[in-house]
Amino acid sequence: MYYQCYYHSPIGKLLLASSETNLIGLWMENQKYFADTLPKNAIFNKTIPILEQTKKWLDRYFNSEKPDSNELPLAPFGSDFRQRVWKILREIPYGETLTYGDIAKKIAQETDKKSMSAQAIGGAVGHNPISIVIPCHRVIGANGNLTGYAGGIDKKIQLLEIEKRKKYV
Numbered sequence: 001m002y003y004q005c006y007y008h009s010p011i012g013k014l015l016l017a018s019s020e021t022n023l024i025g026l027w028m029e030n031q032k033y034f035a036d037t038l039p040k041n042a043i044f045n046k047t048i049p050i051l052e053q054t055k056k057w058l059d060r061y062f063n064s065e066k067p068d069s070n071e072l073p074l075a076p077f078g079s080d081f082r083q084r085v086w087k088i089l090r091e092i093p094y095g096e097t098l099t100y101g102d103i104a105k106k107i108a109q110e111t112d113k114k115s116m117s118a119q120a121i122g123g124a125v126g127h128n129p130i131s132i133v134i135p136c137h138r139v140i141g142a143n144g145n146l147t148g149y150a151g152g153i154d155k156k157i158q159l160l161e162i163e164k165r166k167k168y169v
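Using the working numbering, the letters of the sequence shown map in sequence onto residues 1 to 169.
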């Protein structure tokens, strides 16, 4: 079974989705690719333990308490390549950033390739189905500028401000 519920956050309404035991989705209202991996049979039930745990995690996040994404059991749907990129995103410390190029270099090293396209990384980052918890908002352009964000640049700025990354806003 799959479940879903809403969470009202300082950046707007979020849709959370889970299996019995794992978080599988967290989308911002109106974001690009909204709920694109949400199973059609997901039912609304806000009392599922993993969804309750996620809401508490989000409460802590929005209070700048620096919760770790590894505290939640995650099972995002995606290709092996996307899974690899999302794993790297989870390693970006709270309040820090990486560039698409940095991630491309890491993937190239891990896969014994000469190079990896930063654009390919951007595609995987943009399709992250568990926003905020898998911190795709911490990925920036090569020159340090904020670049595309599926939730919108305004939301990316808000999330980085919560993490005290004023340098990028």
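Worth flagging that the hints you see were computed from the coordinates, not collected in a lab.
Virtual Cβ for every residue (Gly too), placed ideally from N, Cα, C.
Do not take every clue at face value.
Claimed, not checked - Straight-line distance between alpha carbons at most 20 Å, and here's what the computed DMTMM-like set of lysine to aspartate or glutamate pairs gives:
#	residue 1	residue 2
1	LYS66	ASP80
2	LYS32	ASP154
3	LYS32	GLU20
4	LYS114	ASP102
5	LYS66	GLU163
6	LYS56	GLU20
7	LYS87	GLU52
8	LYS46	GLU29
9	LYS55	ASP80
10	LYS46	ASP154
11	LYS113	ASP80
12	LYS66	GLU91
13	LYS46	ASP59
14	LYS114	GLU96
15	LYS56	GLU163
16	LYS55	GLU65
17	LYS87	ASP68
18	LYS106	GLU91
19	LYS113	GLU96
20	LYS87	ASP112
21	LYS46	GLU65
22	LYS56	ASP36
23	LYS55	GLU20
24	LYS164	ASP68
25	LYS113	ASP154
26	LYS164	GLU96
27	LYS56	ASP68
Said to hold, decoys possible - Pairwise CB distance ranges (calculated):
#	residue 1	residue 2	range
28	ALA120	PHE77	17 to 25 Å
29	ALA108	PHE34	24 to 32 Å
30	LYS40	LYS13	19 to 27 Å
31	ASN41	SER115	25 to 33 Å
32	SER115	GLU161	32 to 40 Å
33	ASN41	SER117	31 to 39 Å
34	PHE34	GLU110	26 to 34 Å
35	LYS56	LYS105	42 to 50 Å
36	LYS13	LYS113	23 to 31 Å
For each hint, the structure was consulted:
no., hint, verdict
1, LYS66 x ASP80, "violated, 28 Å"
2, LYS32 x ASP154, "holds, 14 Å"
3, LYS32 x GLU20, "violated, 26 Å"
4, LYS114 x ASP102, "holds, 14 Å"
5, LYS66 x GLU163, "holds, 8 Å"
6, LYS56 x GLU20, "holds, 17 Å"
7, LYS87 x GLU52, "violated, 23 Å"
8, LYS46 x GLU29, "holds, 17 Å"
9, LYS55 x ASP80, "violated, 28 Å"
10, LYS46 x ASP154, "violated, 28 Å"
11, LYS113 x ASP80, "holds, 16 Å"
12, LYS66 x GLU91, "holds, 13 Å"
13, LYS46 x ASP59, "holds, 15 Å"
14, LYS114 x GLU96, "violated, 26 Å"
15, LYS56 x GLU163, "holds, 17 Å"
16, LYS55 x GLU65, "holds, 14 Å"
17, LYS87 x ASP68, "holds, 13 Å"
18, LYS106 x GLU91, "holds, 12 Å"
19, LYS113 x GLU96, "violated, 26 Å"
20, LYS87 x ASP112, "holds, 17 Å"
21, LYS46 x GLU65, "violated, 23 Å"
22, LYS56 x ASP36, "violated, 24 Å"
23, LYS55 x GLU20, "holds, 15 Å"
24, LYS164 x ASP68, "holds, 16 Å"
25, LYS113 x ASP154, "violated, 35 Å"
26, LYS164 x GLU96, "holds, 9 Å"
27, LYS56 x ASP68, "holds, 12 Å"
28, ALA120 x PHE77: 17 to 25 Å, "holds, 18 Å"
29, ALA108 x PHE34: 24 to 32 Å, "holds, 31 Å"
30, LYS40 x LYS13: 19 to 27 Å, "holds, 21 Å"
31, ASN41 x SER115: 25 to 33 Å, "violated, 41 Å"
32, SER115 x GLU161: 32 to 40 Å, "holds, 33 Å"
33, ASN41 x SER117: 31 to 39 Å, "holds, 36 Å"
34, PHE34 x GLU110: 26 to 34 Å, "holds, 30 Å"
35, LYS56 x LYS105: 42 to 50 Å, "violated, 35 Å"
36, LYS13 x LYS113: 23 to 31 Å, "violated, 40 Å"
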